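*Asks:* Residue numbers (UniProt numbering): 1 to 358.
Possibly wrong hints are sitting among the right ones.
Ranges of calculated distance between the beta carbons of each label pair, as one might list FRET restraints [claimed, not checked]:
id: 1; residue 1: D183; residue 2: N214; range: 49 to 55 Å
id: 2; residue 1: D213; residue 2: L55; range: 31 to 37 Å
id: 3; residue 1: K335; residue 2: G53; range: 19 to 25 Å
id: 4; residue 1: D183; residue 2: D213; range: 48 to 54 Å
id: 5; residue 1: E6; residue 2: D196; range: 48 to 54 Å
id: 6; residue 1: E314; residue 2: L61; range: 34 to 40 Å
Straight line, CA to CA, 20 Å or less: simulated SDA-like cross-link-like pairs of lysine to any residue [unchecked claim]:
id: 7; residue 1: K331; residue 2: N84
id: 8; residue 1: K211; residue 2: I265
id: 9; residue 1: K142; residue 2: L170
id: 10; residue 1: K331; residue 2: N214
id: 11; residue 1: K272; residue 2: R210
id: 12; residue 1: K132; residue 2: L325
Because the hints were derived from the structure by calculation, they are not lab data. Please read all numbers here as calculations on a predicted model, not as lab measurements. Each residue gets a CB set at the ideal place from its N, CA and C atoms; glycine is no exception.
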Amino acid sequence: MAIKPEENQSSKHCTLFQPVFVNSNNNRYLRLRHVNTGNYVRRHDGTGDNYDGCLTLLPKLQPEDKTDDICTFIDWESVVMLPNLVRIKGENGNHLKAYDGDGLMDFLSRADTSSVYDYQVCPSRDGGIRLKSTRHGTYWTKEASPAVHEISTVFLPTKLDGSHIALRCLKNGFFCKRYTVNDRKSCLPTITDSRDEFGCMEIEEPVISRKIDNVRYHLNDARIYNERSVALISDDSSNKTQHSQASQANLKTTVSDTTNWRTSISLNLGVKMTATLGIPLITSGSLEVSAEQTRSLDWGETETQSRGVGVSYEIPFSYTQRDVLMNGSAKVTEKSDGIFTGNNGYGYRFEVVQLPFE
Numbered sequence: 001m002a003i004k005p006e007e008n009q010s011s012k013h014c015t016l017f018q019p020v021f022v023n024s025n026n027n028r029y030l031r032l033r034h035v036n037t038g039n040y041v042r043r044h045d046g047t048g049d050n051y052d053g054c055l056t057l058l059p060k061l062q063p064e065d066k067t068d069d070i071c072t073f074i075d076w077e078s079v080v081m082l083p084n085l086v087r088i089k090g091e092n093g094n095h096l097k098a099y100d101g102d103g104l105m106d107f108l109s110r111a112d113t114s115s116v117y118d119y120q121v122c123p124s125r126d127g128g129i130r131l132k133s134t135r136h137g138t139y140w141t142k143e144a145s146p147a148v149h150e151i152s153t154v155f156l157p158t159k160l161d162g163s164h165i166a167l168r169c170l171k172n173g174f175f176c177k178r179y180t181v182n183d184r185k186s187c188l189p190t191i192t193d194s195r196d197e198f199g200c201m202e203i204e205e206p207v208i209s210r211k212i213d214n215v216r217y218h219l220n221d222a223r224i225y226n227e228r229s230v231a232l233i234s235d236d237s238s239n240k241t242q243h244s245q246a247s248q249a250n251l252k253t254t255v256s257d258t259t260n261w262r263t264s265i266s267l268n269l270g271v272k273m274t275a276t277l278g279i280p281l282i283t284s285g286s287l288e289v290s291a292e293q294t295r296s297l298d299w300g301e302t303e304t305q306s307r308g309v310g311v312s313y314e315i316p317f318s319y320t321q322r323d324v325l326m327n328g329s330a331k332v333t334e335k336s337d338g339i340f341t342g343n344n345g346y347g348y349r350f351e352v353v354q355l356p357f358e
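Construct the complete structure from the given sequences, taking the supplied hints into account.
*Replies:* Shown next as structure tokens:
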């Protein structure tokens with residue numbers, strides 16, 4: 001265990017790991033080898049104990065131990081995180097509506113307060129998602145299948161801009177698009193290997209209002225950056241006379257003092273909300289949370305003030321999200337995907353250092 005990064009390879013607390021690729025022609029599957037111990041990171045199979053399923057550096061006790069030590073790496077920048085509940089608007093301005101029976105969906109009407117336009121987002125493997133109609137309880141699928149992990153129900157979202165995405169079916173690699181064929185008008189098939197204007201979908205949240213409270217900052221998991229001495233100014237004045245002279249140095253500098261709350265959601269959907277929370281600040285080198293205040297809040301919005309030099313820090317947080325949905329029902333969700341980022345100054349101490357004459 002290490003509180004801060006440790007690059008001393010002779011220390012057991014060293015935080016350096018070496019990637020060991022499983023295949024020479026593929027950089028997605030690899031093992032992580034601890035530089036100091038030489039052990040691989042693996043999944044702990046401790047049936048019945050509190051650490052079952054956690055990662056460990058403990059060596060395998062038996063050669064035939066089959067616990068997993070191969071990791072699959074996914075480019076996080078390529079993963080689009082959607083809200084738990086969404087509506088989908090086509091490029092024609094209509095919303096995707098789900099039907100019972102044959103299960104087809106179409107873009108023939110504008111959304112109202114009915115839940116037939118609402119879809120639950122369920123994360124899947126490989127960065128994909130499954131979409132389930134909240135009215136009918138059925139998943140989107142390319143084709144019916146009894147398989148437990150059928151990839152026909154998995155779709156890969158690609159962020160286009162703001163709140164717009166494109167969806168590609170994992171089964172055949174084709175994009176979803178609004179399409180008319182015979183008597184089926186403005187349906188949603190997966191029929192093209194390239195995205196066009198009819199495959200652009202706008203994501204909306206069916207939320208009237210949102211309130212955030214019960215914010216819990218996980219201060220023990222905070223990361224603090226840029227704790228360092230800063231060279232503010234040097235005085236190169238020289239006196240070549242026989243009389244004393246005065247020189248004044250201005251030991252003052254400023255940085256932007258910023259606060260930002262964000263979650264794992266990739267899109268900016270513009271849902272306005274109020275939040276009751278405190279603000280973490282660094283005081284005398286330690287993190288403290290100010291008294292709670294109720295305020296309007298936009299995820300990802302940065303507030304800036306000018307202050308003295310300081311440090312940057314990130315703090316994960318959990319919170320309770322209370323939504324009033326379009327259909328009038330209330331939904332309360334406990335979430336743990338928050339990250340607070342801040343930059344503030346603390347404990348300034350100026351030093352005057354005398355340098356020898358050359």
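*Asks:* Compare the structure with each hint and give your call.
*Replies:* Verification of the hints:
1. D183 / N214: 49 to 55 Å: holds, 51 Å
2. D213 / L55: 31 to 37 Å: Holds: the Cβ-Cβ distance is about 33 Å, inside 31 to 37 Å.
3. K335 / G53: 19 to 25 Å: Distance hint for K335, G53 holds at roughly 21 Å.
4. D183 / D213: 48 to 54 Å: holds, 50 Å
5. E6 / D196: 48 to 54 Å: Holds - the Cβ-Cβ distance for E6 and D196, about 51 Å, lies within 48 to 54 Å.
6. E314 / L61: 34 to 40 Å: holds, 37 Å
7. K331 / N84: OK: K331 and N84 at ~11 Å, within 20 Å.
8. K211 / I265: The given pair, whose Cα atoms are some 17 Å apart, holds under the 20 Å limit.
9. K142 / L170: holds, 9 Å
10. K331 / N214: Roughly 15 Å between the alpha carbons, so the hint for K331 and N214 holds.
11. K272 / R210: holds, 7 Å
12. K132 / L325: holds, 17 Å
Consistency note: the structure conflicts with none of the earlier hints.
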